[in-house]
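Q: Residue numbers (this note's numbering), protein chains in the order written: chain A, 1 to 307; chain B, 1 to 307; chain C, 1 to 307; chain D, 1 to 307.
These are calculated hints, taken from the structure and not from any lab test.
For every residue, glycine included, the Cβ atom is placed at its ideal position computed from N, Cα and C.
Possibly wrong hints are sitting among the right ones.
[Claimed, not checked] Residues on chain C that point at chain A, a partial pick, calculated with CB under 10 Å:
#1 21
#2 24
#3 40
#4 46
#5 103
#6 129
#7 171
#8 191
#9 195
#10 198
#11 221
#12 222
#13 223
#14 224
#15 227
#16 253
[Said to hold, decoys possible] Facing chain C, from chain D, some residues (calculated, C-beta under 8 Å):
#17 20
#18 49
#19 55
#20 59
#21 135
#22 138
#23 226
#24 230
#25 233
Protein chains: 4
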Amino acid sequence: MNACMRAVTRHGLHRGLQVFGVREGYDGLIRGDLVRLSARDVGNVIQRGGTVLGSSRSREFRTPAGREAAARSLQDAAIDGLVVCGGNGTCAGALALAEQWSGGIIAIPASIDNDINGTDTTVGYDTAINTALEAIDRIRDTAEAQERIFLVEVMGRGCGAIALDVALAGGAVAALVPEAPVDLDALLRLLTTWRDAGRRSMIIIVAEGEEHGGAFEVARRLQPHVPTDIRVTVLGHIQRGGAPTAASRILATRLGVAAVDALLDGATSVMVGLKGNQVTLVPLHEAVAAQRPADAAMLQIIGGLAG
Amino acid sequence: MNACMRAVTRHGLHRGLQVFGVREGYDGLIRGDLVRLSARDVGNVIQRGGTVLGSSRSREFRTPAGREAAARSLQDAAIDGLVVCGGNGTCAGALALAEQWSGGIIAIPASIDNDINGTDTTVGYDTAINTALEAIDRIRDTAEAQERIFLVEVMGRGCGAIALDVALAGGAVAALVPEAPVDLDALLRLLTTWRDAGRRSMIIIVAEGEEHGGAFEVARRLQPHVPTDIRVTVLGHIQRGGAPTAASRILATRLGVAAVDALLDGATSVMVGLKGNQVTLVPLHEAVAAQRPADAAMLQIIGGLAG
Amino acid sequence: MNACMRAVTRHGLHRGLQVFGVREGYDGLIRGDLVRLSARDVGNVIQRGGTVLGSSRSREFRTPAGREAAARSLQDAAIDGLVVCGGNGTCAGALALAEQWSGGIIAIPASIDNDINGTDTTVGYDTAINTALEAIDRIRDTAEAQERIFLVEVMGRGCGAIALDVALAGGAVAALVPEAPVDLDALLRLLTTWRDAGRRSMIIIVAEGEEHGGAFEVARRLQPHVPTDIRVTVLGHIQRGGAPTAASRILATRLGVAAVDALLDGATSVMVGLKGNQVTLVPLHEAVAAQRPADAAMLQIIGGLAG
Amino acid sequence: MNACMRAVTRHGLHRGLQVFGVREGYDGLIRGDLVRLSARDVGNVIQRGGTVLGSSRSREFRTPAGREAAARSLQDAAIDGLVVCGGNGTCAGALALAEQWSGGIIAIPASIDNDINGTDTTVGYDTAINTALEAIDRIRDTAEAQERIFLVEVMGRGCGAIALDVALAGGAVAALVPEAPVDLDALLRLLTTWRDAGRRSMIIIVAEGEEHGGAFEVARRLQPHVPTDIRVTVLGHIQRGGAPTAASRILATRLGVAAVDALLDGATSVMVGLKGNQVTLVPLHEAVAAQRPADAAMLQIIGGLAG
């Protein structure tokens, strides 16, 4: 997020624009909380997690009156273009605002869930999976010492991308994701197969949104049927922080530069996304129309390589 | 643990002894699973989490017959002295074994809970609190962006040492620990005070063994009475892994060296501990007699400095 | 590297093959040091840096006699296909071996320099830039406290990819790379510009292979012309270790699976690479024919965004 | 540093004082750059490396006129007590100021070199050795893959504490420190012994202030006499940054609280130090009188355990 803001600001200034930051997202936009940004103002932020401008889940912005107020703030400040950075909710908000404000609007996809349609990946996703992976590596360290089953709950309410990538990279035996319900009987058979093959400990990744209700609930159902202790970790908001990875910062910078260029080219109501390592423009209504489908190939690779 | 084994092995060889490792703790001792160790065998392990020899929570060793078998293994291999490394259970086991085996027995206190009597700190404790702290730092990164209360459950069934140290070092507003029950009404008043002072987000550390039943249960009870979202993280076994910190490795090395020296000096049924930065010998029956009391001063410091 | 080996082994077994590992690279191949691998043999290695099989920079393999011996080892063991994992030297070796052995040969590009033609990225590159970035973030922490210029030397003898990516992601003011010689006078003017704009401290990334001879030499030449202290860090082999990132593990796994599939499809003397997020087969002679050109766009982005 | 400032501020407010921060150390004191601090002002800083107030190596403060101006700033602001946080230079400055200002002065020892007399450890030291250790662990990852000698230069101009602790915790074969000159011939004999014992790679820690002139110079002299490649890493300012460890934050907090209490008890010209895990007051003239001697026991332990 900070890397996005830095890139938009500096590239905007470089291209001769005046640049303003909006504090606390759409809430700040509604109350007109704009602050002029210089190149120095966005110095020494690229390595910081979170966002120095603040953010919000604005209820007011979901009302026509709220968006009306936001449009007025932009007009009052004589703003020509707006770059927003966020997930599906942010993109949907941008699309709605476009009906009430005539300036150019560009969205940069930022979400730790990688659940946005029209882009291969999102700002922050690489950071989130590496954070989750570090946690799993730590669990593995002790995993071999004693016979145990570890359930690790990762983020992902409607989307199992994190769970799948983390399971693959972390050597988990299985991943439970919202998109592909897994019969617990089938999971128990898999655990037995690994155990018979001499494996002492196993890690299972659980997306928070999978059908059984999360890692604690899965543990409660599995425990009576396995001879080994089941231990649960719930990562929660750990995954949202930490210094961004190189890939997240570079992506944020590329998309931030592209967003400014797109605005100056007259584009509006589009998202700057990444497809096959190329920056592309995606109409915002496509980005928010549907959720990204789970990667079937990933599930299959995990099946063959687990452990 | 690995640093302990390395120090005992190398210092033992240095002092002219033959050194054997026991695989999988007391279980391995019962079945005589001993392996001769050279200086090279314990090379390149000091940085590894977990233990390369394996460990166990041996049920059999808790029976006289089990300990009888262990004593026989030691006699058969003509072992003169035994160094064990572990927590209260390990120390109690060592004390029980001393009744059935006449060799020297020295214990090195290793526990992520820092709950062993007679030593200021334990091997692995510094690593565990730093791991928990990293997780909390990540949560703080996003904490300021939105108004939220975060509950972070750390290890500590009967002992709140981790929770207290982590709360102090992590800038939490409170710590719920087994030794000092906290009225949830008092906690709610504290949250309100901070909120009125303009604080947007707050972190509360919950030891797994505190009286309400852990972080999820505390969240369930607090949520109806606060206007902000409560989010839960359960660290679980993350705290047991990871590369050991410098302090943990240096402590393990000092105590490993001291354990070998103590054996050669004819000591037995003692634990090598650290008191005021000096290595001391503590009778094993004192080490296991009582639990370490919680640090009252710590609780008070947290009260005054929170955030 | 370990993730590659794991994926090749498990996917090979999954597709019905027998799989052998070669210890210590081409040297081990020459002396026929092959070891049969099971699924369990490659368990618990995906998170480890380095390579559990060992590697070598074999001088003997560069001679026809050496490769003759390697070919004989493969024939004696009745091997049908070989998957090698490494950089330009490894790929060139594989190509030379193909003249003396008739089995299928597939190369997986692994190099921290990202200097291999025909693939967007290499196994290990993402890990290396994140490791370098962590070091730079640490330097930034103190950078603002005092007025200083920091030179950080990163790997890259003939290729500035690491330096460019790290400079961009780390907010450096400049990167000195082998492909684009920088006049030190121009660099001094840039430093003066930033200083006049109120910037207290600056980080410059120096690829080890840039024309002046590395960071210490650049510091020696710059120091007389700047009023602030210049401090030097040389990362060296730090960049080669550490737990691999999620992206490195996932790439290694994808390419390992693809290498096995390519062998079974009858391909030979090809490298499995990544182009625009798709796995592709590249003739080995193309991969080794030329070095990857520096990314001109990257240099430009750094110019506009520095700090 | 930030944890110190936070503790002094909050405990000072808790005890009924008004608290001011001085920007950029003694330079700021000279120009009277004081800022009133509230509990909220020092929120969310405990996890940050560096110091949010800034620091300086003030030349002016070394002159009587400079200290005169500083004393005047304190009088003008009606300050009764001053808490300074830093190394030997800071302590000496505090002692000199005491001759020109009558208020209470307490020093908190903060130095990554652990070179201050009268305290077992200093704020920041634990962080510095863990940072160096992480770097060495990364080098070890690849160390075993190929036969190599690695020289790692760590901080320590006049004091080898970091080098010794890091060598012990990192499994290095030797440490070159300012206090105990090592004959390079003796070092070569040690390397040969290890090599004959089958060891493939070796790490040697070099304190920047050792007699030969640092790691590059040592490498230049050793290389002609060894058959294996020597690689050099110079950590430099990496060791000064990074999020502080738990031990550093807890120590800073304890000493910060103690400093405020000491001021209120009427103490002056003392340093709050740690001796055997107890906070103690040490006259400033003792703290600056001599350098901490190297730990002879440490050197001996390293000799017996290397690798």
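Q: Tell me if residue 226 of chain D is really an interface residue toward chain C, meaning its C-beta lies closer than 8 Å to one of theirs.
A: violated (17 Å)
Q: Under 8 Å, Cβ to Cβ, is where residue 59 of chain D needs to be relative to chain C, so tell me if that hint holds or is violated.
A: Hint on residue 59 of chain D: violated, closest Cβ of chain C at ~13 Å, above 8 Å.
Q: Restraint: residue 135 of chain D near chain C, CB-CB cut 8 Å. Satisfied or not?
A: holds (5 Å)
Q: Please verify that hint: residue 222 of chain C, Cβ, nearest Cβ of chain A, below 10 Å or not.
A: Status violated, d = 21 Å.
Q: Checking hints one by one. Is residue 195 of chain C an interface residue toward chain A, by the C-beta closer than 10 Å rule?
A: violated (12 Å)
Q: Against chain C, with CB atoms and a cut of 8 Å, does the hint on residue 49 of chain D hold up?
A: holds (3 Å)
Q: Measuring from the C-beta of residue 46 of chain C to each C-beta in chain A, is the shortest one below 10 Å?
A: With a closest approach of 5 Å, the residue 46 of chain C hint holds.
Q: Return the status of the interface hint for residue 21 of chain C: holds when the least beta-carbon distance to chain A is below 10 Å, violated otherwise.
A: violated (16 Å)
Q: A closest beta-carbon separation below 10 Å is what the hint needs, so does residue 198 of chain C meet it against chain A?
A: holds (6 Å)
Q: Quick check on the hint: residue 221 of chain C CB to chain A CB, less than 10 Å?
A: violated (26 Å)
Q: Holds or violated: is there a CB of chain C closer than 8 Å to the CB of residue 138 of chain D?
A: Cβ of residue 138 of chain D sits 3 Å from chain C, so the hint holds.
Q: Holds or violated: is the Cβ of residue 20 of chain D closer than 8 Å to a Cβ in chain C?
A: violated (19 Å)
Violated hints, listed in ascending order, are 1, 2, 5, 8, 9, 11, 12, 13, 14, 15, 17, 20, 23, 24; each of the other numbered hints is respected by the structure.
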